[in-house]
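Visitor: Chains A and B, in that order, give the protein sequences. Just so you know, my numbering puts 190 at position 190 of the first sequence, and the rest follows in order with no gaps. Just so you know, my numbering puts 3 at position 3 of the second sequence, and the rest follows in order with no gaps.
Because the hints were derived from the structure by calculation, they are not lab data. Here a beta-carbon is modelled for each residue, glycine too, at the ideal position from N, C-alpha and C. Careful, some of the hints might be misleading.
What the hints assert, rightly or not - Computed footprint of chain A on chain B, listed as stretches where at least three residues anywhere in the stretch have a Cβ under 8 Å from a Cβ of chain A:
(1) 1–10
(2) 59–66
(3) 71–83
(4) 151–159
Said to hold, decoys possible - A few chain A residues that face chain B, going by a derived Cβ cut-off under 10 Å, partial list only:
(5) 88
(6) 94
(7) 110
(8) 132
(9) 191
(10) 215
(11) 222
(12) 230
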Amino acid sequence: MYINREICTGCGQCVIVCPVQAIRLVDNKAVINEDKCVECAICYRNAECPVKAIRSTRLKWPRVIRSPFSNVIATHKITGIPGRGTEEMKTNDVTNRFNIGEIGFSIELGRPGVGTYLKNIELFTTQLTKIGVAFEPESPVTALLIDDEGHIKKEIKNEKVLSVIIEFKIPKNKVSEVLGVIKDIDKKIDTVFSVGIVSRIIENEKLPIIDLLKQEGFNIRPNAKINIGLGRP
Amino acid sequence: MLAAGINDKYSDSRQKLLKIAEILNQYNPTNIMPKAGWKFSPTITATFSDIETVKEILKVLKKEDLGVSIVVSGLISEIEKVLKELGLNLHTIHYSLGVFGKKELLPPDKILEITTMCGHHCVSRNSVEYYIKLIKQGKITIEKAAKKLARPCVCGIFNTDRAIEILTRLTN
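The following block holds chain B by itself, in its conformation from the complex (with noise of 0.2 Å):
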């Protein structure tokens, strides 16, 4: 992510976004930002379902030094131990403390597992509930079905592979 009024203020802050979505891309992800979004956001995102590829791009990363902060979200466990393999470090942590308040509002956890994968919650419970079905009756594939859940979320952090998962056991 480019900082805004620092990095933003460089002519080749652009490029340098550009190269590490051409990274990102290189390595298959599960879901990354459409293209459109690579020319004015000043973040790129996108998702990957194993850590041994993120270790990987992080490598690559490392060694191309652009200057640009790199954010890594998922088990910290995980990604401490491959922070360490590569002499990285970490440098500032958001905690997550988890959901407060009226609790007895949300659907049900099957369906937050999927849902909140969009940070932005983009992505309805209702329309986790139709494709379920659609999927039970035999109307679209699971694989489909994920990629229909991820349409909404615009930046591209919806993992598709997960939800594949999620759907598998829930129709299973």
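With the rest of the complex left out, here is chain A (with noise of 0.2 Å):
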């Protein structure tokens, strides 16, 4: 994004919407801080700028990344995939990507609101790729895995973005590697993280893995997303 200091009038609109604190007033004029800039266009789309100071610009290479990470009506055009996720569990009863026996995981890093650099993934993948976790293949994250160690490009780690959702599944019983890489990275990354678990219910039997995760010192929250099974390819 841009703002053009020759229009700019100062009244802050842009500070006040930005999610990730990136724009200030300096000389009461806006300016953009660069590297904490994510490229959502929050500011473009809701500002109301008086002056129409706020413009988009086209982005170069690896900073182009940061928008469909970031700006929630943009399509992956490096990945090939629309949006910052994938249906998920959405869909699965159409879908059949989570099976029984199978947990899904989804870890959102710099969700809620904060943001992360890219660099981030790679503290996961490289563990998860350890345990041999099935990333999921329509992920935008997944694409962006260059081996099968779980490093990503390096010319795009020091990009930040708004959140990056990591999909993946596993057999249930290894649940608990994957709850200790979870464990290891909440103590040693520079920003925060949401972390998803998927799975199929099966019919009178009492909800899934609830006492697995209490085992292991992790709680659920008293809501959730429950795919009422009303699909059908």
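Make one complex out of these two single chains by using the hints.
Guide: Laid out in structure tokens, this is it:
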């Protein structure tokens, strides 16, 4: 994004709407911190700039990668996949992406509202590959992996985005190993991350894996997303 | 939601999604995806403030039997009860384990309660603080502030009723 200082009136509306506090007023003019800016375009769409000083600019590689991971209406031209994540479990009654006995994970780096450098992806993926997780093939993050050891391209590591979702699944008996990775990175990472766990539910059985999570020191939140099984191919 | 490459290959898939959008819209949603999005989005999202309304909607969707995936988001205990009453099953669940890492970077919980209503993180902490200040100064009503805060959330999942409730608590 770009703010034309010549016409900026210093009203500060863009400062207010920026989700990552990348804009501030200097000498009564709005200035974007290029490193902090995640190219979400929320200032462009929602600041209601009275003089239209906020402009959308043509981004070059590697900065261009910020947009699809930050701008909710952008598509992933680089990966060929629209949106920040996949359908996950939302269409599982149609796709069977997660079968009985499989557990899905979605680890969203930078959420809620802090943002993350892409280099943080490797903190997880280099450890998760050793466990043998199956990364979601349609995930934009999986498309960034360049080898079987979970590395990403060097030139994109310092690009900052609003959030990235690492999606994968594993057999139930490997859940504890993944939780171990989460515990380890919890102490090291320079941003926040949210963790979601997906499971099929067997009719007339109690909700799955809660006991295992408790044993490992994790508690589920009282709210969840539930697919109610009305979809079909 | 239409499953990509499966549901959306049928010519009537958009009609089915529009039918769902119309049903959701009939039950006075607190917020709903703008109509412009109904034409191309694979998902239609809407929020409601009481579980009884959600139960009525699910009853209709079950009867319509459109074959489109439906996801309900909310308190697990409430959803389980309603589904049981309607003879519907829980097919797949997505639990949240919460937030980890450098939590000192997060705004106070009272601000997070509002910003996290948009799952794409489009609602800024600064805007919540700004509107709280304006409400306290009597320059904007709580209802109007809630609507302003909801604007960046293009999916229509930001619950304005809940925002009103939280803003009322924070400004009294």
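Visitor: All hints, please: hold or fail.
Guide: Each hint tested on the structure:
Only residues whose beta carbon comes within less than 8 Å of a beta carbon in chain A count, and the segment 1–10 of chain B has 6; three or more means the coverage holds. With 4 residues carrying a beta carbon less than 8 Å from a beta carbon of chain A, the segment 59–66 of chain B meets the three-residue requirement, and the given coverage holds. Here's how the segment 71–83 of chain B fares: 9 of its residues keep a CB closer than 8 Å to some CB of chain A, so the rule of at least three is met and the hint holds. Three residues within the 8 Å Cβ limit are the bar, and the segment 151–159 of chain B against chain A gives 4, so the coverage statement holds.
Given the 10 Å rule on beta carbons, the hint for residue 88 (chain A) holds: about 7 Å separates it from the nearest Cβ of chain B. Annotation: residue 94 (chain A) was flagged as interfacial toward chain B, and the flag holds, the nearest CB pair being 4 Å apart, inside 10 Å. Look at residue 110 (chain A): its Cβ gets to within about 8 Å of chain B, closer than 10 Å, so that hint holds up. Of the supplied interface hints, the one on residue 132 (chain A) is violated, with its beta-carbon coming no nearer than about 21 Å to a beta-carbon of chain B, more than 10 Å.
This hint holds: residue 191 (chain A) has a C-beta 6 Å from the nearest C-beta of chain B, less than the 10 Å allowed. The beta carbon of residue 215 (chain A) comes no nearer than 14 Å to any beta carbon in chain B, farther than 10 Å, and the hint placing it at the interface is violated. Given the 10 Å rule on beta carbons, the hint for residue 222 (chain A) holds: about 6 Å separates it from the nearest Cβ of chain B. Hint status for residue 230 (chain A) relative to chain B: holds, with the closest Cβ pair at about 5 Å, below 10 Å.
Consistency note: the structure conflicts with the earlier hints numbered 8, 10.
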